[in-house]
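Undergrad: Sequence:
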Amino acid sequence: MLAKLLGRYLRPYRKQLIGVLVFQFIAALASLYLPTLNGEIIDKGVATGDTEFIWATGLMMLGISLGQIVASIIATYFAARAAMQAGRDIRNDVFERVSAFSEREVSHFGAGSLITRNTNDVTQVQMLAMMGATMLVSAPLLAIGGIIMALRQDIGLSWIIAVIVPVLLLVVGVIISRMVPLFRTFQKRLDNVNRIMREQLTGIRVVRAFVREPIEEKRFEAANTDIMDVGRRVGSLFVLLFPLAMLVLNVTVVGVIWFGGIRVDNGDIEIGTLFAFMQYVGLILGGVLMASFMTIMIPRAAVSAERVAAVLASETTLARPENPVAALPTPGTIEFRDATFTYPGAEFPVVGGVSFSAARGETVAIIGSTGAGKTTLISLIPRLFDVTGGSVLVGGVDVRQVDLDLLWSGIGLVPQRPFLFTGTVASNLRFGREDATDDDLWHALEIAQGRDFVEEMDGQLNARIAQGGTNVSGGQRQRLAIARAIVHAPDVLVFDDSFSALDLTTDARLRQALWRELPDVTKIVVAQRVSTITGADRIVVLDDGAMVGIGTHEELLASSETYREIVESQLGVEATA
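The sequence shown begins at 10 in my numbering and counts up by one.
Derived by calculation from the structure, the hints in this document are not laboratory data.
Source: prediction; values computed, not measured.
Fair warning: there could be bad hints in the mix.
[What the hints assert, rightly or not] Below are the DSS-like pairs computed for lysine-lysine, each with C-alpha atoms no more than 25 Å apart in a straight line:
id, residue 1, residue 2
1, Lys13, Lys197
2, Lys13, Lys24
3, Lys13, Lys53
[What the hints assert, rightly or not] Pair by pair, the computed Cβ-Cβ distance ranges are:
id, residue 1, residue 2, range
4, Pro21, Thr514, 51 to 61 Å
5, Pro21, Gln476, 29 to 39 Å
6, Ile73, Arg228, 52 to 62 Å
7, Arg228, Val79, 24 to 34 Å
Virtual Cβ for every residue (Gly too), placed ideally from N, Cα, C.
Assemble the whole structure, with the sequences as input and the hints as a guide.
TA: See the structure below:
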């Protein structure tokens, strides 16, 4: 999976990778030629007292060293550029794929895990691409080239290489085999830390309201300790690798000096050749160590690549139609035909057999007890979920046959929990229509009963909004979210219990302004308060996911026991008389 992912995203930058290969090859050749020159200086210059030869060869070595440095810098630049661009492309693709997910896929992976996959996991793959483009090219060149050059110096000492390289590979292999499962565990523990941190930040008010700070701190400490334990075990193995490698290297150097010294004493080789052979052994072991270092990075990157690939390979249940409808014949109309939705693995549907319609400009309200399926039902309109039975039609066409961009462009959704983005009041209101003028924004704010408090803010439309809208009150945040949906200029406005944060007076003024200023816009209103929906053209009553009544306020008082109970619980028995 790792090779497939890197191959896919590094392919557009193959010219840069070819540059890495060429310049790393030049740098490796320079590194392999220097020990031979060093040996010649000792044998032909120092031993004979030829100062001119020493200076000439020394200058040549200096020039080759400078060339090696320049080639290495260029190769590293190309590798870093290709890797960073590939990482950018992976993050973009992951973000685009997640943006197309339905609520089902987001819940399956978890928001915290998706964030980790698009940050830490992509970084691991990116770093491997950069290090691999340099080390994995130079390591075999140095190791294989070093063996060839060492054999050219003296075949009699080659048995040392034949013994020591397998020993080093065995040491590295044993350590890495123990690290691979730890890397998988580490990423899962990292997901857990991110999840807990995200929960605590999102629910900070609940945590403080119930005095749960000590308990939540202990929960985070436990997760943090878990990841520390795994990291410590990985670090212990990692730290163990290099002392063992250095032990092997030092034993090798001692062996070369010991047995090479005997050959020098016997006159089989010259001392310069012995020094050159020793340097080549260092290059060989250095190449093996570089490859070993990469093999440490590969398992972790492989785990990360699997996690990233799982997101990229996930097909959203909101599949785009092969031959989408290009235009809606009756914009602004909504129709549910025996609509049913069941969550994966659930025994019973959360919404079952619901049928009703809304003509253009009508107001249809949906009411029911908590857990009746109201939010799930209206989530079927913008296709946040797909029905598991029946159908939902928008503009006269099944939503599954409409291009998603066309569908969403005609729907303005105000969620139960309004969310504002970091920026300004204007940037949030223009979220759905960037070409909206300031007059459009003020008009939307006036309808949403938000003009007064925006005019009092420092900067008015340019007033800063913190992440999530935490620097404004809940009611102000709700009104800004409603204004944002109005600026979008949709054919259908869907309010998911969007008036509950407003006082009764503001609620009434806002509804009057909506009905007056947007008479041709269809309004689907989910509400808890009966007073919010008494003027609706039709009211749909839900109970345990089933539609148990439909009609006007007066009709339902006479025909629906469930609706009458809701009215009595809120307005008293007199309201039903």
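Undergrad: Given the range 51 to 61 Å, decide if the beta-carbon distance of Pro21 to Thr514 lies inside it.
TA: holds (59 Å)
Undergrad: Is the gap between the beta carbons of Arg228 and Val79 within 24 to 34 Å?
TA: Distance hint for Arg228, Val79 is violated at roughly 54 Å.
Undergrad: Within 52 to 62 Å or not, the Cβ separation of Ile73 and Arg228?
TA: holds (59 Å)
Undergrad: Between Lys13 and Lys197, is the straight-line Cα distance small enough, at 25 Å or below?
TA: Between Lys13 and Lys197 the Cα gap is close to 23 Å, so the pair holds against 25 Å.
Undergrad: Within 25 Å, alpha carbon to alpha carbon, are Lys13 and Lys24?
TA: The hint holds at about 19 Å.
Undergrad: Regarding Pro21 and Gln476, is the given constraint of 29 to 39 Å on their beta-carbon distance met?
TA: holds (34 Å)
Undergrad: With the threshold set at 25 Å, check whether the alpha-carbon distance from Lys13 to Lys53 stays at or below it.
TA: Distance ~52 Å between Lys13 and Lys53 Cα, so the pair is violated.
Checked against the numbered hints listed earlier, the structure breaks hints 3, 7; every other hint is satisfied.
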